[in-house]
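Numbering (the working numbering) for the sequence shown: 1148 to 1268.
Just to be clear, a hint being listed does not mean it is correct.
So the derived label-pair ranges between C-beta atoms look like this [unchecked claim]:
1. C1186 / P1246: 26 to 36 Å
2. P1189 / E1247: 32 to 42 Å
3. P1246 / G1183: 31 to 41 Å
4. E1259 / R1214: 12 to 22 Å
5. H1234 / R1181: 16 to 26 Å
6. E1245 / P1189: 17 to 27 Å
7. P1241 / T1202: 11 to 21 Å
FYI, nobody ran anything at the bench for these hints, they're computed from the structure. Just so it is clear, the structure is predicted and the values come from calculations on it, not from any experiment. Even for Gly, the Cβ is constructed at its ideal location relative to N, Cα and C.
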Amino acid sequence: MSLTAVQPAPTLFLEPVATDRARHRVQELVADFRAGAWCPTPLERRVADILITATAADGMLTAGRIRAALWEGSLTMIEDNGGRFAHVLGDLVPVLDEPELTALDVVDAAGELAAAIAGLA
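Full structure from sequences and hints, please.
Set out below in structure tokens:
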């Protein structure tokens, strides 16, 4: 029996593609929104408002809450305004469905985006 300690090999954590895609889309839309390069439609504001209302108790976006909000917008939201907000929300669903994919910075940024679109920030 050896008493020599063996250092574990360092592990390289590669961020899942879904998390990276969601982070990129949220950051891109936030930047365009703040710069005035993208302006939400009334439907997108309504969906953002639904999300903010749904998160009032705990402040967390969940996949279920996003699905319910997207149901409100349906096809019109995907077609109007380039569908960018719908795509951001769609990218968040698989990330939020799997705890190992969830990155809090993405969830927080998406929540801030929804608040800004709803006119609360």
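How the hints compare with the structure:
| no. | hint | in the structure |
| --- | --- | --- |
| 1 | C1186 / P1246: 26 to 36 Å | 34 Å, holds |
| 2 | P1189 / E1247: 32 to 42 Å | 37 Å, holds |
| 3 | P1246 / G1183: 31 to 41 Å | 36 Å, holds |
| 4 | E1259 / R1214: 12 to 22 Å | 20 Å, holds |
| 5 | H1234 / R1181: 16 to 26 Å | 18 Å, holds |
| 6 | E1245 / P1189: 17 to 27 Å | 33 Å, violated |
| 7 | P1241 / T1202: 11 to 21 Å | 19 Å, holds |
Violated hints amount to a single one, hint 6; each of the other numbered hints is respected by the structure.
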